[in-house]
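Novice: One-letter residues, chain by chain:
Number of protein chains: 2
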Amino acid sequence: MGGYQAMTLLVAKFGGTSVANPERVKDVARRLVSCHRGGSQVVAVVSAMGPATDELLALARSVNASPPARELDQLLATGEQVSMSLLAMAIEALGVRAVSMTGRQAGILTTTVFNRAKIAEVRADRLKKELDRGRIVIVAGFQGVTAEGDITTLGRGGSDTTAVALAAGIGADVCEIYTDVDGVYTADPRRVPRARRLAAVSYEEMLELAASGSGVLQMRSVEVARNYGVVIQCRSAFTAGPGTLVKEAKDMESAIVSGIAYDDSEAKVTVRDVPDRVGIAAEVFSALAAAGINIDMIVQNISENGTTDISFTCPAEDLTKLRPVLDEQVCGLGVRGYVVDESVSKVSLVGAGMKSNPGIAARMFRVLADEGINLNMISTSAIRISVVIEGGGATRALRALHTAFGLDSDQVFEETQLSSEELAAKAEKGR
Amino acid sequence: MGGYQAMTLLVAKFGGTSVANPERVKDVARRLVSCHRGGSQVVAVVSAMGPATDELLALARSVNASPPARELDQLLATGEQVSMSLLAMAIEALGVRAVSMTGRQAGILTTTVFNRAKIAEVRADRLKKELDRGRIVIVAGFQGVTAEGDITTLGRGGSDTTAVALAAGIGADVCEIYTDVDGVYTADPRRVPRARRLAAVSYEEMLELAASGSGVLQMRSVEVARNYGVVIQCRSAFTAGPGTLVKEAKDMESAIVSGIAYDDSEAKVTVRDVPDRVGIAAEVFSALAAAGINIDMIVQNISENGTTDISFTCPAEDLTKLRPVLDEQVCGLGVRGYVVDESVSKVSLVGAGMKSNPGIAARMFRVLADEGINLNMISTSAIRISVVIEGGGATRALRALHTAFGLDSDQVFEETQLSSEELAAKAEKGR
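Keeping their order, the protein sequence lines are chains B and F.
Throughout, the working numbering is defined as the position within the first sequence, counted from one, plus 4.
Throughout, the working numbering is defined as the position within the second sequence, counted from one, plus 4.
So that you can see chain B by itself, here it is in the shape it has in the complex:
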């Protein structure tokens, strides 16, 4: 007789595209039933169906232009509650017992911060009991409950965070995150046709990639995974590939450069001739923070003639909030004025091996100079180098760097490898 083999315990998260309609829900049900019959204990975490959340938001705004945060969460939570119960029904139709759970039923306790709560604790007793009874458990992502019994939502990327937190809470072997792409790539295959899927990346690299504009995983979920040592597997909901593992760096050999991220959603702002006195930068950025504007990179040069220029980047969508602050507060500080450039792009090299390999930055700048690309801003971390360039040169910069750092695949990626749904989803994301 064979030895004892431990049962695999699996958390699988499916995004809104994967459960967008009843047929997709049935596809997910088949996949989960197949895992279950293969001997795994299965917990699935689901987002709301396709555009459901946007539809609920529109409904809210039709009765109140600024819906109160608590009520918005009571409303939005229904989106995941619909998809979780439908998925449980679809599984039962295949002859396997399933039980759906709201965030509350699954024991996802959160802080009392509506619309962007943080998970405080996972009390998974009921969930584990259902698993032990042989059920597939479906949990509504993106939501939890406060100590007072109010429903909360976790904000952007919330369902990924639910999945990783649950995986940590029940000690799952792996947390599979199913999306519309089949893993993490060395670069966006739409821009770099020789991009390669990565078999594995470290938490640190994934965090830098996410922060630099690679949209496969949300930063929060990767942070939780890192903190609790949860192995994430990014996979496609539409194909069968192994995807990309996100795990501890010590388990893998560090590539010098793992991937190249690209982000054209930011604008560059330069405040001109800022008086060079103590505390002036603090005043500028306090005013921006008070207006809720997220600043990414900041560059300040040494002063000449008692003044200096300060440049920073921020999401282009924040510009409408930003301009009044600059006009009314920052210009009152004695600066000469400001310039906004919305046409910039940010290109970032990310790789855990950079730490021990000096000269990567110099090589990067040389490659870009050879392409005739001018650098507007530079910022670095231990495992990342980001440059802001004129948007027109971005694709050229990406491809040259991809080749120069030895990332090119032998195969050329073609858009036709994507299904029509993937293309639609990609187009959607690209907005």
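The hints are all genuine.
Identical chains share a label here; the pair holds if one copy fits it or two copies do between them.
DSS-like, lysine-lysine: derived pairs with alpha carbons at most 30 Å apart:
(1) Lys325 - Lys122
(2) Lys132 - Lys122
(3) Lys133 - Lys122
In short, the hints are calculated from the structure, not lab data.
Chain B is fixed; fit chain F onto it per the hints.
Specialist: Okay, now just chain F, sitting in the frame of chain B:
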């Protein structure tokens, strides 16, 4: 200074038609804010928006032809959760604080019978706290939670029952039930143009009217109201009238005949030549009960030649379930066969004063005989007389009885008094 005046505590229930779209939700919000500003403490109970429940049911059936009961309740509960949060948002938009509550949050504890749970207990501590903080509280009707934390729904008429149970639980002064009609009438105004709105009816009369086909209130909610002494006020969500009070008979003078109900949704079945032996009726009706068929009236005549005919009525929609039972089980008992008549109508006189006024039945039969209307079946209770007649004579019977028992109004009711929505809703109900 004036003396102390107790604050009115009010529960108001709004059906699906009243919150069918954002504009209607805002109308309800205005009505509640006006009550609140008038000095009342206000709890509103809402149904799902218009066709939301039917849409969710269709979604469920698209993934599972027989959706499991627990999962169906997890799904259906979202319908009321959407309308409750939208109504709270609409109230906040008018500058009054509001807080929505799911069945669970409102402390509606039920039995563990999915799809048709019964309310076991109302734990309204949180709800009362919110009222005392000056909030309008909106509760999702139709739903509750089991001791294990599973979501349940209460079945047909569930939102009315939620409202009445909450009113009992918090000691409300009145439970207003807003529907698409402006009260309880002496007869259906579409059939009897001289029908009058009743200012008040007793619980007993309302129960008999509901059981006899008058659709304004569900029987369950009236039963709960009677058991806990909750005063119900049936009102229109679209007009300002006072509606009809449903309360204890001792508070009012009993009319001999309060109203005339009409029901054409039943079929009459006659089982022919049933052998006259002990226990045969029990065998017949046990078989029907086991098949889940609701029997209304039963008539058995004295036997001739050792056999008798048994007639009964049941919902016409149950006939597809009924025929196999008759064919396979009842016909095996030695009966000659059976006859089904779907064209019958039931007409019922209801009035608490009948108890102390003999001869009402005789007068009723005389009026019908004068109209040339033949009686198929007769059944009576202390405060009701029902007759089954051929459907063709129903309107004539209703009008003749309405006049004969002195119910006619001076005013003739015209359909044009109804809004287009009310007419649509009435047509809907009439199916």
